[in-house]
Amino acid sequence: MLERRKAIATLMANRPKDLFVVPGLGSTTYDLASLGEKDTDFYLWGAMGGAAMIGLGLALAKPKLKIAVITGDGEMLMGMGSLATVGVQRPKNLAIIVFDNRRYGETGMQASHTDKGVDLVGVAKSCGIARAYDVEDEAGLKKLAGDLTALNETLFARVHIKADDPPRVLPTKDGVELKNRFRRAVVAAG
Amino acid sequence: MENQTGWPDQLFDVLKRAEVRQVGYVPDAGHARLIERCKADNDIRDVVLSTEEEGVALAAGAWLGGQRAALLMQSSGVGNCINMLSLINTCRFPFLTFITMRGEWAEFNPWQVPMSQATEPVLTAMGVKCYRADRPEEVADTAQAAAELAFGGDFAVAVLLSQKLIGRKVWVK
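Keeping their order, the protein sequence lines are chains Z and P. Quick note on numbering: our numbering labels position 52 of the first sequence as 52, and the sequence is numbered without any gaps. Quick note on numbering: our numbering labels position 109 of the second sequence as 109, and the sequence is numbered without any gaps.
It cannot be assumed that every hint is accurate.
Said to hold, decoys possible - Below, computed lysine-lysine pairings styled on DSSO-like, alpha-carbon distance capped at 30 Å:
1. Z/Lys173 - P/Lys129
2. Z/Lys64 - P/Lys16
3. Z/Lys162 - Z/Lys64
4. Z/Lys92 - P/Lys164
5. Z/Lys125 - P/Lys129
What the hints contain is simulated information worked out from the structure, not anything from laboratory work. Please read all numbers here as calculations on a predicted model, not as lab measurements.
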């Protein structure tokens, strides 16, 4: 079982310059912000269930960039149908990574469906995302980081995370600022 | 659909003129022709959705990547979008949706009526400006105006296409 802040640090240690990230609201937004707030990350404070679809729209619009959605199990469960939609489109440049601690961290660590056996990797595979796998240790994380760098087909990964609640690191909540600076970064990347 | 000549093609022309590149939709009889036109166009990526709110998030993502998107749905789908419209509202994303109305004229299914009545109040409450077209000759200009406000002014705009326009649904039990 991995610690979330170490996991995000490992995953982003050799972050490619053309990687843009959409973290889901709550813990994964704080995780990403813990590495320093960046224009290339579209931090969500709401839109629960929408992270994967924001990633899809972005991936389809910018096929030469790499897009990673990094979200929690609760957020993914709310938008589980979007895995079916992504499975139909299957852009080569989209990765969906779920930090699964089997809890709703934002509301008091209540158990989620994944704690009762719902298998998101199985769901992703059933939806047509063939490259879907579990990440359970440091070696697996490093492999996932490598797969992100060389992303060439739709990827889904479930990262098993300890149910801890590290101090929150809060990026700006100003949606217009987040949108404008992210879009400028996309334009700058070409 | 009997009345599917003319205005759906005009809606397609509006999308093309506005350089819309992604169109999200849940299959819909009223939008059948428009959806077919979008699918047949090489410059438009058609994205079939499992629920309408996905199309709201898709449009935000497309815009972040520099593309314009539109969402095609019927009035019942508006209810599925409510919270996701917070994303559009808070970040002030441009947003364009064409909505075929059910439950307001010659409706055989009472289950369509509540969301029909709530469509405009709900959209307005979430910050989406509503235009309406009741007659075929109003469609092109109304949709064009909506696209201009959405993409020219970064507004969220819906065009409600009345059930009268779409025609009676031929329903065989």
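The hints, checked one at a time:
no.	hint	verdict
1	Z/Lys173 - P/Lys129	24 Å, holds
2	Z/Lys64 - P/Lys16	23 Å, holds
3	Z/Lys162 - Z/Lys64	34 Å, violated
4	Z/Lys92 - P/Lys164	43 Å, violated
5	Z/Lys125 - P/Lys129	39 Å, violated
Checked against the numbered hints given earlier, the structure breaks hints 3, 4 and 5 and satisfies all the rest.
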